[in-house]
Structure formats: C-alpha cells, structure tokens
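S.K.: One letter stands for each residue in the lines below.
Protein chains: 2
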Amino acid sequence: MSESEYILVTGGAGYIGSHTVIELVDNGYKPIIVDNLSNSSYDAVSRIEFIVDQHFPFFRIDLRDSSALTKIFEKYNISSVIHFAALKAVGESTKIPIDYYDNNINGTINLVKVMQKFNVKTIVFSSSATVYGDVTRFGDDRYIPIPEECPMDPTNPYGKTKYMIEQILKDVSNSDAGSDLKVAILRYFNPIGAHPSGLLGENPLGIPNNLLPYLAQVAIGKREKLSIFGNDYASHDGTPIRDYIHVIDLAKGHIAALNYLHKIGNSGLYREWNLGTGKGSTVFDVYLSFCKAVGRELPYEVVARRSGDVLDLTAKPDRANEELQWKAELGIDEACKDLWKWTTENPFGFQIDNYQWKEFSDDLNDRLHTFKIDNFKVGIINYGATIQNIQIGDQLLVCGFDNGSDYKSSSNPYFGANIGRFANRIKHGKFTLNGKKYQLSQNEGDKNCLHSGFNGFDKQNWYGPIVKFNDDKFKVDFKLIDKDGNDGFPGDLETILHYIIGYKFIEIEYESKLLNGESTIVNLTNHSYFNISNGDSIDDTEFELGTDQYLKVDDELIPTGEIASIGSAKFTLTSDKSFDNCFIVNENDDRIDTRSNELKQLVKASHKDSKITLIVSSTDPAFQLYSGDGINTDGFKKRSGFCVEPSRFLNAINQPNWSKQVILKKDETYGGKIKYEFK
Amino acid sequence: MSESEYILVTGGAGYIGSHTVIELVDNGYKPIIVDNLSNSSYDAVSRIEFIVDQHFPFFRIDLRDSSALTKIFEKYNISSVIHFAALKAVGESTKIPIDYYDNNINGTINLVKVMQKFNVKTIVFSSSATVYGDVTRFGDDRYIPIPEECPMDPTNPYGKTKYMIEQILKDVSNSDAGSDLKVAILRYFNPIGAHPSGLLGENPLGIPNNLLPYLAQVAIGKREKLSIFGNDYASHDGTPIRDYIHVIDLAKGHIAALNYLHKIGNSGLYREWNLGTGKGSTVFDVYLSFCKAVGRELPYEVVARRSGDVLDLTAKPDRANEELQWKAELGIDEACKDLWKWTTENPFGFQIDNYQWKEFSDDLNDRLHTFKIDNFKVGIINYGATIQNIQIGDQLLVCGFDNGSDYKSSSNPYFGANIGRFANRIKHGKFTLNGKKYQLSQNEGDKNCLHSGFNGFDKQNWYGPIVKFNDDKFKVDFKLIDKDGNDGFPGDLETILHYIIGYKFIEIEYESKLLNGESTIVNLTNHSYFNISNGDSIDDTEFELGTDQYLKVDDELIPTGEIASIGSAKFTLTSDKSFDNCFIVNENDDRIDTRSNELKQLVKASHKDSKITLIVSSTDPAFQLYSGDGINTDGFKKRSGFCVEPSRFLNAINQPNWSKQVILKKDETYGGKIKYEFK
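So the sequence lines, in the order shown, correspond to chains Y and F. Its first residue numbered 1, the first sequence is counted upward by one per residue in UniProt numbering. Its first residue numbered 1, the second sequence is counted upward by one per residue in UniProt numbering.
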C-alpha cells in the first residue's frame, strides 16, 4: 500500500470500529474516521489518538449525505473502506424499523455509489451472525457450529439490514461494474470485552441488551441483578451457549481480512467469513468468569426463557482460520478482566458529570474542556494543554483568552502555558551533552533560547484528555510527543501531564520519558498568570515567599552563579516593585524526578480587595517569580497577572553543579509536581 | 372515502400504473400521479386524461426527493398510496444493481417515512412473483401452482428489491408506529396486453425481455424472429408454462385490494395476494394466440434453454379470488388482440419522429405541440386546441403568440382559435329550442353573443392530443367536454377535433355529440388569421372566392334574411376594401353533419410578394370572410391577417329556414370539415 493511501473507517468511533482503528494504525495503515456520532462519542476518537500517539482525519457526517462523503473521497486517496456505521440494537430495530433500513441500507448504498464514482474497489463489511437466524430451525444440528454456508433467515429488522446489505454487495460484485470489486463480509458472533488500556470500550447507553454490559452494570450497582433467561437448556449448566469473542480479536479479524483482500491483487472477490472463537460458553460460564474478574459474586435470578432464544449459536470459524490466518486468541476471562477495568475506570463510559468540551479555534484537535466542582470552574485547551480559565464564582483568577487565535499570536505572553521541553532561559541557546554541542532556537533577541524556542510544548495540540472522576476529583491526562530536533532538542520525548482538579485546587504532575537516543534535557513548568485582586491589576498583592534566596543574573538575564537574598520574603507588590527572578528553595536536590519530595509552599499571595488567597507549592528546587510587566496583548496589559513558575534552576544545563537537575537519560523519568490552591 | 381524499399513485405513468389510474377513476377515486418519467412518458398521462375525460394532479418527481414528496402530502389530503414506482428490468438489474437498490428501496423507504409523517395508513404495493424464485427448487411440485405461503428466494437484484421492500413494509407494520398500517402486497405474475382503446400499453424501449412485447416487435418487422428457449419441457407442447394476466385484470386487482383495505376499517393489516389467472399457458400457446391476432404466422426459432428458466410458474390465485373477490376475466386471446391494436396504432409507443411538445404557459395541461414534415411546420396548443403556428421554411403563414398569457388576454382576436360551441353571432344571445327560451352570454357590446361568449371552446384546455403518424400524415386528436350551462348553452357536449397534418396542408374535422339532454345548438369553425404576403400586412392579397353571394346584415351585424352579391368573386384586397361578411356556398344543405359533402373550395388567396397560395375548402354551407381590421394586440395590428371561417349561416338558430343546420339532437352527430392548403 503506497504511503499516501488511506483506509476509510465508517462508524470508527463505535465499539468495534474504535478498536479496529487502533489495530489499523498498529499495522501501518492510515485511517480516516467517518461517524455521525448518533450513537457514539468523539471522546472515543480522542482516546484512540491518545493510545496511538497520532491525530487522524475525522469527519462527523452521515453516510446518506452524498456530497459530504464525496468531498472526503475527493480530498484523500482512499484505497479501501471498512464499513461499520449502522444502527445495531436488535430490540430498537423492531420498534423503529424504517430508521434502521434508512440508516443502514441507504447509508451503504450511498457509500457504494461514491466508492464506484472514485473507483475504490475494496470493502470490508461489518456483518453479523444474526443473518443466520435460528439455526435450530432445521430440526437437527447440521448447522451447529454455524458455517458460512448456513442458509440465512434473519429474524429482526437489524439482522435483515445486515442480510440485505450482504445481498446488495454481492449483486454489485456480480455486476460488470463490480467485477473487480473485493468484498469481505465479516459475520461477528458475540463481541465482548474492552481495550486492555481501560481507555476504550462499549459506551453504555440505555439498558444493555447483551449479557456482559448488563452484568457490568449490576457490578457497579446500576442494575439490581442479572436475569438469566432459562436454565433448562441442554447445556452443561442448562443455560444457552453462545460464541463470545474479544473485541480485540474481532478488530484483528478486520486487519486479516483487509490484508487478504490486498494480497489477492486486482481480481474481484465476494466472500463471507465468520468471526468467532468456535468455542461456545454458556451464560453461566460468562457470569462466573465476570464474577472472578470483579472479585465477588453478583446477584442473579433465573427467569423464564426468552422467546427466540435457542440452545447453541457457536461459530464454525475454520474458513477465517485457514484463509485469513486469523484465530481468536483471547478467552472470556481476558474479556471479563478488560471489561471490568473499562467499567470501573469509566462507569458511565464517556459521559462524565460536570465535564464538558467544545471546539476551540474550530478544530476538534483543540477543544476547550471545562470542569466544574460546585462554584469552582477550570478550563483547559488541547493547545499546549493550557490552563485557559480558573474561576471561583464569578471571580476570574488567571489570565486567559476566549479564542484560539489569541493563543497562537506572538503577543501571547505564555498565558496558562505548560513550558517545555525547557523552561526559562538557556544562554545563547547553546549546551553540551555527552560531549556533543547543541544549538537551540534563539528566540529571545536572537540570543537566548526562551521557553524552548518557537515550537515548544505550549504551541502543540496535546492528545487527550483522558478524563476520569473519582473521590470528588477530576483526573485529566494529556499527552505530547515532542519530536527529536524540534527547536534543536535531541530525542523524541513523551510527556504525560496529569491534572488533578479538586475543589479550589489544581495539581499538575509532569512525567516525561525519552523514547529514543541516549539523553536529552528537560525542565517543565506551568506559566499561569494569576490575579487575585478582583480587579485589572495585581498591584498591592501581598506576597509571602517560601524563600528570600534568588539567583543573581547578568545583563543577558543569565545567572552569574551567585545566590543573593531579596531581604524579606514577605512584601507587598507595590507598583514601583517588579520581579522576574529565579528563587531557590532547595540548593541540594539535583534529581531529575522530584515527585517524591513533599510539596513545598513557594508562594502565598493575597490582596486586600479579595477574600481569595493563592498558595503555590511544588516539588521542584526553584521557581521564577514574574510580575507580568511585559504583558501587552489582546485585552490584557502590563501587570494583569503574575507568574509563579516552579522549575529547575535557570539555565541549569550550563552550570556543571546544577545540570543534573535537567539531564534526562534513557530509561529514566523526568518528574515534577505543582499545586495551585485557593483559600 | 370523503370527496376530498386522493389516492397517490407512484409510477402512475408506467405500464401497469397507467391502466390502474383509469380503473381508479372508473371506480370514483381521485388519483394523483407521481412519476420521475425515467422510464415512462407524460404522453401516457395525457392519454389517460383523454380516456377518462378529466385532468388530475401530476408531479414529475423522484421518490427519493423527500422535500418534493412532502410538498404533495402537504397540499393534498392523501388517504392511500398505490406504489408502482420502480426500475423493473430483470436483465438490467444484474448489470446496474446499485441503481435498482437505490431507486427501488430508497424510494420506498422515503415514501414510507413521508407517509408516517402525514399519518397515511394505507398502501398497496406492486410486488412480483419473482420474489418466489425458482419454486421447483424444492424438488417436487408442492408449490405449483404457487401459493402466497411459498418461501421466497428471488434470484436477481430486481426480484430482491421487491422482496426487501416486502420485508421493510412487514417490519413497519409489525412495529408500534405501524400497528394500524394497512399493507396490501400484490404479487404479479406475467402482465400482458394493453388498453382496448389502443391508446395505452407498454412503451417499447430497447430490446423487450418479455415474450409478447418481443413478438409484437417481430410482427411489425422490428425484430427478425422470436427465439423460443427450449421445447423439451414437460408441457403439452414442450415450452415452459407461465401465468399471463391481462393488464386490465391486473389493474382491477389493485382496486379490489384498495377497496378491501378500506373495508376493514382502522385495524392494521399486512397481507400478500397473488395476482394471476391460475391458468398456465405455454410459450407456444401465447405465440399461436398472437399470430391469430396478427392474422399471419410469425417467424420463430427454437433455441437452447435459458439458464434459470423452469417448467411451470403458475399462480394459485385463490386467496385473491376469495378475499378480494377479484378474478382475472380476460384470457391471452383478448390480451393478444389488445396488444396488437396498441402495437399497430403505436408502433414506437409514445415516440413519434418529428413530433415534439413543450410546456406552454407553464402548465402541463397546456403544451405546445410541434409537427414537422420537411420544411412545413405546424404548432398547436392545448388551450383551445389552437393553431399557434403554420410555416413553410421561414415564412410564417398565420398570426400566433409565443406565450399562453397573450392567448388568455381579452385583446386576443381569436388567433387560430377553434370557435364553439357556436361560431359567429347570435342575436342578443337569445334563442328558442323545443319551445324553451335560452339566454346566452352577451359578450358583444352587451347585445349579441359572439363566438359563444366568455368561456368558449377557445378558452379551455383540450384533452390530448393523441398523435399518430402514418401515410406521411400526422393524425392529431383533441377532445373537449363543454359543460351544460356554460355561457348558457344546454347539455354536455363532447367534441373531438381531428387534425390531419400532411405536407403543406392541414385538415380539421369536428365531431360533436350530446352527452345528455334532448338537443343543443352547435356551429364550429377555425379562426386562423392568414397572411401570405410575406410582410406585415395583408393589403393587396388577391382573392378568388367560391361564391359572390353573401348575407346582408342590419346595423347589429345580424342577417336581414336577404342574400346579395358582391359583384365579382375575384378581387384584390386593396387597403380601401374591408370584409366581415358571411358568404353562402350552399343554400340548400341543412344537415347537422356535413362531412359527407365533397370539400368545396371557398377561398383561393395569393399575393404578388409571395410564392405561396392559400386554398381554403370546407364541407360547410357558408363562411365568414374577415379582413382583420379590428386586430390590436401584442405584436399585431390592423390587417395583420385575414380569416376564412367555414361554418353554418350567421345566426342560423334564429332563422326558421336555416336553424336545422345548427340544432344537434341526442344520438345525432354534428360534423364538419375544413382544409387549409398551401401551394
């Protein structure tokens, strides 16, 4: 497959679609996701990106929207399509059949028409074992386990849409126009489980129809007990036998099918493959396995058989095993373990109370995420994982912009920014590491490298966030891969930023690892501008520092090496006083990971016109105090806010006795913590 | 069914649809036709209107166009839908399946959605016996003849679309929203034949797939010979057995189903009915029957069996017979007779070379029909069946307007109009018939009734035309029903106007019958304004009349009874001469139908500036010669043209010795002929 070719994944934000996108990326494919999100969440997409460390094209469109779909085919060189998009609730399909036929069939017909228009010849279709219907109808078990040859007789509108789409694709492939079309029909049995990361799984909406999602809700107390519909079947424990397949195995089946279609070259093909394990499990087997994963017995009750249920629906997966060289490898125990992890870490799936996001700077890769706890509100954007807003009631406590362009403007004085890969100044942007000299971008008057140059952490869209809520706190994770050579820094650096947002406090934890190379330099901080005066200016803010020691600097603002005292650590910031100094709280800690330190209070700030007090603490040995005299940007002027920037020593890399603070070697972890509290 | 309720007929311009619309009207239903004309012709609609003597709403839309369809449901109170619209060629469906699925299935889904939106609960669906597939697949004849219970297994995309639509409608009717939906599935066997009028039938496009249309084309020499696919089947003559049903019987089946659904009240229903005769005929039976209709043996050849063909596909129609009280009454002999009539009279269906029409005054009920023979061109509009244009090469020979509004304007001096029900003047609009006095509209200075009043034949849209071409002549029929009491005339009067257009001549034949009442008065003429001068004025046109005798008139322009001579019948129309006189060519013919007379030359006109000579002849006893001095309208002034208006004597109804000329009694026919020739 040539570099520029894409795989269009319809319904890629859904349960099976999202897992398949991950497998695609792992196998070197470039996915484009199309989803109308009618039954799924964009958060799934952003979690995929977090897992695979890349952004990819996403379009929120309905497949029935021909012109929107056509635009995508015009813009990208699409080689193949994996078609998941469909309504899929059996019960619902009997209530609103016309919506199922409209969405599933029209959507597919429209997709096929656009594919034909753009000469796209490869499609993997997400079908279902429901097309077989009740295979016991033959009066014997000649079709158990179920082979692909089993005659089809779906018994509900959902199943019929899958059946009809198979017929449509088959007829197209039989037509002249479709003679070189390659169609893989994948008939799923019972997909279960979730992504082992705990980041992805089936988004639980409404009352689950399926055994395991239901059990999961019993386990978290959302449902009272599991109903087992009949235990008088001819199985080892009397409950019906189904073929449960781990969603990861299922996703891998799609890659196998896609590879197979690519392998056979340009000749046409229409072929069906069962995706199942071939091993049947009873309802009770699954129940016990899930109880094991949860670690306790879950309440259940045996009730009457459900009409339409039959004893055994196990797949005969031989065809897929042989032709696609694909085999389900995971069992129900792994599935239950993964599902339980997903469930406990995301009890309500992607829905989290008091967390909302919206597009920022018209870009789904840069969203504004808002977190609320009572009257405490925090806003964070993907661009720089920047703190855009902190407020208590109506009182704004930091400087922030309302739109993306202001953040990208050169007049933005690093509002709320996370500074990396190296905070503060590096003399003339030069340093030596393992005897090798490096020249960084010199973005401060063509001399020093300030705050990492032109394309620092603060100027990139971070992956995520992964948002979770427990113990009354939001846990919000962002991730960034800073590329080797960016602004001159060596080595790919992965940084995970953990925000913990509780009532009236924000904790920031930085965690960076070198992905390649021997070593690099790291020094991270957050650059929020605080203003607790309840007015436009920070003048007359009262400060109480954790130290009076600071680094003297030369006229290039680079430390001379000399440490001095400012006199008193307690003062009022009158309009004639200003600061841009690096204070020292611990001369002797030169570890790259300071997180094991106690949080040390660096600054306590209050103001006569406000009841709110700010306390900044950190595990790092130093901090820059800056009184914001240089602010001159959209809506903000000089002294609109002040910064407390916990970090390593200023220009530490160029001072032999400090440099250990900032040199990250492979297999080590850079770490540091900052906490902002409001009292 | 309340007066204001309509039946929406999708695909109503098609073969079966058009015949069903006629049955609907005959059964007191009010149809609305929707058709995208992708595979049919509007001429079918205008022929239906000609047959049933009424206009009905027609919309050229595609069912997939939701907003267009919605507008129709908003505008009309639609009680039920009969759904024919579909692509239907089995062979084609295997070549372009996606178009079949898109058109047939999406169209239906969209229709159902709009029906649900407007709470329309009754639908009759045009399905097909193809849904059964090969009923011999069971290895025995348990399903021959084929009952509705026979399992379905369509073998081509066309059949699958019908099958899928059945499933969709079934699922909708099973859903809560569809619980009170009434669905009649009508499974057709082999529709054949045509409308006995010879006006409607299957429009032959491309190579026919079916036996009889193919035979018909062999009969008219369009195909060399019939191929009979195998004569070694186990039938009486070795050819396969099918169930051929006359399209008229089929159409009646729809009315029976509709009546049935209306009868069962508001309870929901989903039910399938076979529409077939129950009597199988072999290919050879049909061949022989058609040869009988044609009157000669048609060439055929027995070739190899066709794959997919089976011995016997005869319907078991018992369910329809019993439940719908419907039974096929016509046999293959009638069908062959009707098909042959349709074929001979319309060898190319609705397609006729050198005949075209387009909308006139933005109204499909008023179209401009253009006929060309070599350099001779004639235009006729439905409004008044008016002659809008006659030209030879570039020379225009009559006065006419380019748009409908000019014709409707009060300044239109009856350009090209057919005048009826009573041409010329009736004194004070009064007359007495069978001792009863009548007062007509007095539209000439509030005194005389001129050219029938305010709403004469010339101000109504005529049905038709039915256009045929043979012996180098167009035969063009229009029809008008002039209502009892219109402008004061008694009795409903049906008038059929036959135009015969040959090279450089037009013949007009009027034929009127009284539809009710004892008698009425009729006097018809055509009011074309000729100008053969090749210039703007008719001055200096040279006339040679067939008579010098004319009726003297009083100052109200009503004859005194005295007949006088103008001196010489040969004269040049100099600018100082003008005419508006009734000339007499036969004093003694007082028959109501003059068509048996020889055409008598009334006027020969020529002009020194033009090579073209006009000869007007007629079977009528008189004619009005008018030099157009009163013309004053859009683009035309005084003396732009002259009229020769063959007719009965001026005001004849009020002259005892003339009145027989114009009194039409029931069971009699008014008739007259006019001919315009150009030399």
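Treat the hints with care, since some could be wrong.
All copies of an identical chain are treated as equivalent in the list; a pair is satisfied when it fits inside any one copy or across any two copies.
[What the hints assert, rightly or not] List time: in silico DMTMM-like cross-link candidates among lysine to aspartate or glutamate, alpha-carbon distance up to 20 angstroms:
#, residue 1, residue 2
1, K513, D471
2, K447, E272
3, K459, E518
4, K377, D402
5, K292, D539
6, K71, D374
7, K263, D134
8, K225, D140
9, K170, D99
10, K30, D609
11, K170, D153
12, K675, D471
13, K95, D176
14, K372, E668
15, K447, D153
16, K75, D492
17, K437, E74
18, K225, E301
19, K660, D548
The set of hints was computed from the structure by calculation and includes no laboratory data.
S.K.: Against the structure shown, which of the earlier numbered hints fail to hold, in ascending order?
M.R.: Violated: hints 1, 2, 3, 5, 6, 7, 8, 10, 14, 15, 16, 17, 19.
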